[in-house]
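All chains should be built: construct the whole structure from the sequences, respecting the hints.
These protein sequence lines map, in sequence, to chains A and B. Using the working numbering, read the first sequence as starting at 1 and increasing by one per residue. Using the working numbering, read the second sequence as starting at 1 and increasing by one per residue.
No lab work stands behind these hints, which were simulated from the structure alone. The reader is advised that the hints may include incorrect statements.
[What the hints assert, rightly or not] Dumping the calculated DSS-like pairs for lysine-lysine here, alpha-carbon to alpha-carbon at most 27 Å:
no. : chain 1 : residue 1 : chain 2 : residue 2
1   : A       : Lys177    : B       : Lys46
2   : A       : Lys176    : B       : Lys5
3   : B       : Lys614    : B       : Lys563
4   : B       : Lys3      : A       : Lys174
5   : A       : Lys174    : B       : Lys46
6   : A       : Lys124    : B       : Lys142
7   : A       : Lys176    : B       : Lys46
8   : B       : Lys188    : A       : Lys177
9   : B       : Lys142    : A       : Lys174
10  : B       : Lys348    : A       : Lys176
[What the hints assert, rightly or not] Simulated coverage check for chain B against chain A, where a stretch passes if three residues somewhere in it have a Cβ under 8 Å from a Cβ of chain A:
no. : stretch
11  : 38–45
12  : 91–105
13  : 326–337
14  : 585–593
[What the hints assert, rightly or not] Where chain A lies over chain B, by a calculated footprint (3+ residues, C-beta under 8 Å):
no. : stretch
15  : 168–178
16  : 209–223
17  : 573–580
We put the beta carbon where it would ideally sit given N, CA and C, even for glycine.
Here is what each chain is made of, one letter per residue.
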Amino acid sequence: MDTVRVMIVAVGGQGNLLASRVLGEAALSAGVPIRMSEIHGMAQRGGIVESAILLGEVNSTIISDGEVDVLIGFEPSETLRAIGKCNSDTLVISNTAPVPPFTVAIGMGVYPEVEKSMNLISSKVRRLIAFEATGMAREAGSILALNMVMIGALAGTGSIPLSEDLLKQTIRDKTKKTFLEMNLKAFDMGYAASS
Amino acid sequence: MMKRKDIFLGNGAVALGLVEAGCQIVTSYPGTPSSEILPEVVRLVKSEGLNTYIEWSTNEKVALDNAFAAAISGKRAACCMKQVGLNVAADSLMSAAYLGTVGGLVIVSCDDPGPHSSQTEQDTRLMARLAKVPVLDPSNPKEARVMARLAMELSEEFRIPVILRPAIRVCHARQALSWGPLKNNTKKASFEKDPARWAATPRFRFILHGELNEKLKKIARRFEGLTAHNFHDLEPGKKYPLGIIAGGIPYSVVRDILTEEDRKDIPVLKIGTPYPFPEALADIFMSACEKVLVLEETDTVMEYFLRDRKKVLGRLSGHVPSEGELAPQVVYRLVDKVLKDLGLAPFKGDRNQDALDLVASLDLPVRRPTLCAGCPHRASFFAIRKARPKAIFTSDIGCYTLGLNLGGVDTCLDMGAAITMASGFYHAFNQDQVAQPIVATIGDSTFFHSGTAGLLNAVYNDARFILVILDNEITAMTGMQPTPGLGIRADGSKGKAISLERVVAGCGVDFVEVVDPYEIKAMTKLLKKATEYVNSSTGGIAVIIARHPCVIAYPKEAIPERKSVTVTDDCTECNFCLERFECPALYHDEELGRTNINQSLCTQCGVCLQICPKGAIVEA
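Below, the structure written as structure tokens:
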């Protein structure tokens, strides 16, 4: 199979490491070669959390500039910040609900207008799917389900060799039982938003 | 039992390799990117019912000494740390190399090129060279697992400590591995007295040094033929204008780039054993290439071992950056430039330069790390700045280094330096008869790691300052490892809790008081009392233990009574709260024209109810 390079960018606390884990476990059970990487430590305290999921035969787990096949942004300004990793053939899935950095509150920097950001992204890549995913997560039960909305949206595009059923089964097996119903609802809402 | 396939974190792969190697003793002090190794050992040991002895040691030197003793009792032992932790353990390492082992001793030291979460980018391979011990450099989690086993076998065979050096991108990569079942190593401890070795005086050390040099020669010969980790893809008899010698993560990166670019004209020599360096293998590779580019992280090690300097392109020739990670885009650009400089076909890929230029031109707002909403350290720093606004704030390594956003941290040197630099500042100013106020902050785990020697020294030499021990009852920054103060051990079993108050008093400090930093008024008052003590002729060092549980590790205990908070129209947009308290849940609401609370980030700790000069932050 061709290598598919997926990158997730989020703000600390948005749950992207669990999203990567679900993709990884699903790939493992489907027999798809998988490598991943993530950042821990100081960056997790309110910083940018980036993870890479590489499906197919590769050596390195880091994704170079211009090499991302699918970019998933949990936060619109972070999606924009990561477009150097994309190319003219990349598919981008982005949440449009902002989480402005604290620095903006004390006058260090200006938060970019969301619509303008989405237009800029759109001009650089093959396809952009942008929607208010945080609201969907809230509707599903909690904003903590944002990661499941985003995985659902990824599944809806059919851009990775992991099926909707397989991903849902992995969510059943690998996430906390108390949140299962909410997680699956969030997944379905994301799926419907992108398919 | 059947083998199973699971996804392992790189640090989990190291843990798996160690346990598979029959490692009986594992010690560690947490530090990014090494922190998950010991918890992964605990996980494997529990799931497989093994009797491995596991401990979080108080620091890296303590960890290495403990593991060393086990290794000279004939057992297999390992200790794990981050690269700067190896500095702390260096005294032990240098000596242990001379003494040698009986069983196996593997030191896992994880490097942090970047750096992402460290004070330096130092290269553990240079420490191995300095100590004269072998070092293995894995290029992915799978190889890290195999190398952990190999390191243990080499150590036992040659009776020498062996270092495994995974870099952060190996530690925090994930890869699927087949494994199981695991079994206990039943080797019993036995210590054969031999004072000429285990308590060697300088005359015997000279002899042991010669012995060590002989071991290294033999290991170098072994490494020449270690084809699983040292290999190249030269075609026999063929000559190449350019070859690449690479190890660790840069090997994985350049391998992928060459595959993507379909460049079979550039051979690669992969080196997994940078020291002792397999010189003969490198000579074969060098003689087939007109020029050789060396890609290694983070410093210059292999490059120094290549004798035909005229052929070598690397850091010394200015072709490879001397700082920072060799990330794929960095490697791509530098190899492409070398190809162009040598008149060879350049890479074909498009790196989407205009998108990169666009992002650079947008000046997107910075997202800097910050203390969590509800963090007790924030309250401590607020009180400290209020009580001692003109002080020099020496601090230390942990989450609370982020107190620099609050103006509460002026220095951060190394583990324990909050205290030693406070006494240093005191004496520097006192010599000029200047009464410079100084407030030092150090976390509980860091204090147990390296605080006591500095505190003893400061008391003994009559320094005067306030020391605030920020006791959140956990090692938070590195992922919530227990501290000696808690009395919970690495495997979750009960240990003896060590009282910070008694340790501080034992260091000769006569002013030791405990306060809950959530009570900002009480803490401010206590800081003023401490100031009087420090300044009085009969006073000394004042220690305040600011004790409140970490809001992430103990959400219920940290906030027993939740307080819903709101901001009234009394807010004058002075931004005092945003600048001095810097809670992520506070923001300036343009529409309302005042500060507002982001309820989804707010932990309802209620600390901010005490800070607004206009009294505009109130309970809802």
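Verification of the supplied hints:
1. Pair hint lysine 177 of chain A plus lysine 46 of chain B holds up; C-alpha atoms about 23 Å apart against a cutoff of 27 Å.
2. Proximity of lysine 176 of chain A to lysine 5 of chain B is assessed by CA-CA distance (about 22 Å); at most 27 Å being required, the pair is judged to hold.
3. As the CA atoms of lysine 614 of chain B and lysine 563 of chain B are separated by approximately 19 Å, the hinted pair is consistent with the 27 Å bound.
4. Only pairs whose Cα atoms come within 27 Å are accepted, and lysine 3 of chain B paired with lysine 174 of chain A is accepted, the gap being roughly 20 Å.
5. At roughly 20 Å between alpha-carbon atoms, lysine 174 of chain A and lysine 46 of chain B fall within 27 Å of each other, so this suggested pair holds.
6. The straight-line distance between the Cα atoms of lysine 124 of chain A and lysine 142 of chain B is roughly 36 Å, outside the 27 Å bound, and the hint therefore fails.
7. The suggested pairing of lysine 176 of chain A with lysine 46 of chain B holds, with an alpha-carbon distance near 21 Å, which does not exceed 27 Å.
8. Note on lysine 188 of chain B and lysine 177 of chain A: the hinted pairing is violated, with a Cα-Cα distance of about 44 Å set against a maximum of 27 Å.
9. Our distance criterion of 27 Å between C-alpha atoms is met by lysine 142 of chain B and lysine 174 of chain A, whose separation comes to about 23 Å.
10. Proximity of lysine 348 of chain B to lysine 176 of chain A is assessed by CA-CA distance (about 46 Å); at most 27 Å being required, the pair is judged violated.
11. Check on the stretch 38–45 of chain B: 0 of its residues sit with their Cβ under 8 Å from a Cβ of chain A, so the three-residue criterion for coverage is violated.
12. As drawn, the stretch 91–105 of chain B meets chain A at 0 residues by the rule of a beta-carbon pair under 8 Å; below three, the given contact is violated.
13. Residue count for the stretch 326–337 of chain B with a Cβ under 8 Å from a Cβ of chain A: 4. That meets the three needed, and the coverage hint holds.
14. With 3 residues bearing a CB less than 8 Å from a CB of chain A, the stretch 585–593 of chain B meets the requirement of three and the coverage assertion stands.
15. Beta-carbon proximity to chain A at under 8 Å applies to 6 residues in the stretch 168–178 of chain B; the threshold of 3 is reached and the given coverage holds.
16. With 0 residues bearing a CB less than 8 Å from a CB of chain A, the stretch 209–223 of chain B misses the requirement of three and the coverage assertion fails.
17. Counting residues of the stretch 573–580 of chain B whose CB lies closer than 8 Å to any CB of chain A gives 3, so the stated coverage by that chain holds, three being the minimum.
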